[in-house]
Amino acid sequence: MKLYFHASESKDARAKRDALIARYGQAESLKQADAVVVLGGDGTMLETLHAAQRAKTNLPVYGLNCGSVGFLLNEYREDGLVERVQDAASATIHPLRMQATDTEGKTHEAIAFNEVSLMRQRRQAAKIRITVNDTVRLEELICDGLLVASPAGSTAYNLSAHGPILPISANVMALTPISAFRPRRWDGALLPETSCLEFDILEQDKRPVSAVADSTEIRHVVQIKVWQSKELSQTLLFDPDHNLEERMLKEQFVGV
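First residue of the sequence shown? That's 1 in the numbering used here, and the numbers climb one at a time after it.
FYI, nobody ran anything at the bench for these hints, they're computed from the structure. Please note that a few of the clues may not be correct.
[Said to hold, decoys possible] DSS-like cross-link-like pairs, simulated, lysine-lysine; straight-line CA separation at most 30 Å:
no. : residue 1 : residue 2
1   : Lys16     : Lys56
2   : Lys2      : Lys56
3   : Lys31     : Lys16
4   : Lys206    : Lys250
5   : Lys31     : Lys106
6   : Lys16     : Lys230
7   : Lys11     : Lys31
8   : Lys225    : Lys206
9   : Lys56     : Lys230
10  : Lys230    : Lys250
11  : Lys225    : Lys56
12  : Lys206    : Lys230
13  : Lys250    : Lys106
14  : Lys31     : Lys225
15  : Lys2      : Lys16
[Claimed, not checked] Cβ-Cβ distance ranges computed for the label pairs, FRET-style:
no. : residue 1 : residue 2 : range
16  : Trp186    : Arg54     : 21 to 29 Å
17  : Glu78     : Ala51     : 20 to 28 Å
18  : Thr194    : Glu47     : 41 to 49 Å
19  : Ala19     : Trp186    : 44 to 52 Å
20  : Asp18     : Glu75     : 15 to 23 Å
21  : Asp12     : Ser169    : 15 to 23 Å
22  : Glu78     : Thr103    : 18 to 26 Å
23  : Lys106    : Glu245    : 19 to 27 Å
24  : Pro240    : Glu109    : 48 to 56 Å
Virtual Cβ for every residue (Gly too), placed ideally from N, Cα, C.
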């Protein structure tokens, strides 16, 4: 098996990458590799998934945690790496697509494996109209922001905003408000993965909003559309005894 190793900028991750290359070798290019091994944290994993999309390759990605949380990665061990990759359980994830129009009428597109979030840019709360499949569901949400999370991203920012954890096999997306003021008791919604969401920014001159798809930020947006892309996918690899489905299940019982 030919592996291609990629590491974050940290000295620790780079040193471990060099040690693994010395032991297992390095594929000359992604095209010649059977799998990508990522050393770093969840941020590095997301960067790698986006790079793989730009390169139009769906090579399976196996992460080794050299960061802090490492939810999308496996425990770092140098021994038996090829066997671990070969025996790994796979999880296929589909990113969200975002199409955002700014105040100058320019349209921007980006994808997100975790979430698309809308955030107020100034001291005043944002006012957002929410439309689902061409039907207005909420005329006005007054909030610091809101986000649309994929199952893979439901344990990230979505969880911090008190959104639900979604099983990786769930065919839904989470729509979660961030510090909602009105309606005060609206906790968000679970929507079928086939839904097309549209957000209109109200009073955009007075209450500007930015849209962020993972790490791509568009400022001063007036309308945002979000949907799940079934034509795009990436495959993550996990050790069988600690696969992604099991991790997400355990996360729901943390502190119990």
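>> With the threshold set at 30 Å, check whether the alpha-carbon distance from Lys206 to Lys250 stays at or below it.
In response: With a Cα-Cα distance of about 43 Å, the restraint between Lys206 and Lys250 is violated, given a limit of 30 Å.
> Could one say that the CB atoms of Lys106 and Glu245 fall in the range 19 to 27 Å?
Replying inline: Roughly 40 Å apart at Cβ, these two residues miss the hinted range, so it is violated.
>> Quick check on a hinted range of 41 to 49 Å for Thr194 and Glu47, using CB atoms only.
In response: violated, 28 Å
> Going straight from one Cα to the other, do Lys11 and Lys31 come out at no more than 30 Å?
Replying inline: holds, 27 Å
> Has the given pair, Lys2 with Lys16, been kept, meaning a C-alpha gap of at most 30 Å?
Replying inline: Within the cut-off at roughly 18 Å; holds.
>> Hint check: Lys2 vs Lys56, CA-CA at most 30 Å. Holds or violated?
In response: holds, 19 Å
> Hey, Lys16 versus Lys56, does the alpha-carbon distance stay inside 30 Å?
Replying inline: holds, 27 Å
>> Run the distance test for Lys31 versus Lys106: straight-line Cα separation, threshold 30 Å.
In response: It is violated: about 35 Å lies between the C-alpha atoms, which goes past 30 Å.
> Taking 20 to 28 Å as the hint, is the beta-carbon distance of Glu78 and Ala51 inside that range?
Replying inline: Given range 20 to 28 Å: holds, Cβ gap about 24 Å.
> Between Lys31 and Lys16, does the CA-CA distance stay at or below 30 Å?
Replying inline: holds, 23 Å
> Is the distance from the Cβ of Asp12 to the Cβ of Ser169 consistent with 15 to 23 Å?
Replying inline: At 34 Å between Cβs, range violated.
> Has the given pair, Lys250 with Lys106, been kept, meaning a C-alpha gap of at most 30 Å?
Replying inline: The hint is violated at about 43 Å.
Violation of the numbered hints given earlier is confined to hints 4, 5, 6, 12, 13, 14, 16, 18, 21, 22, 23 and 24; the remaining hints are satisfied by the structure.
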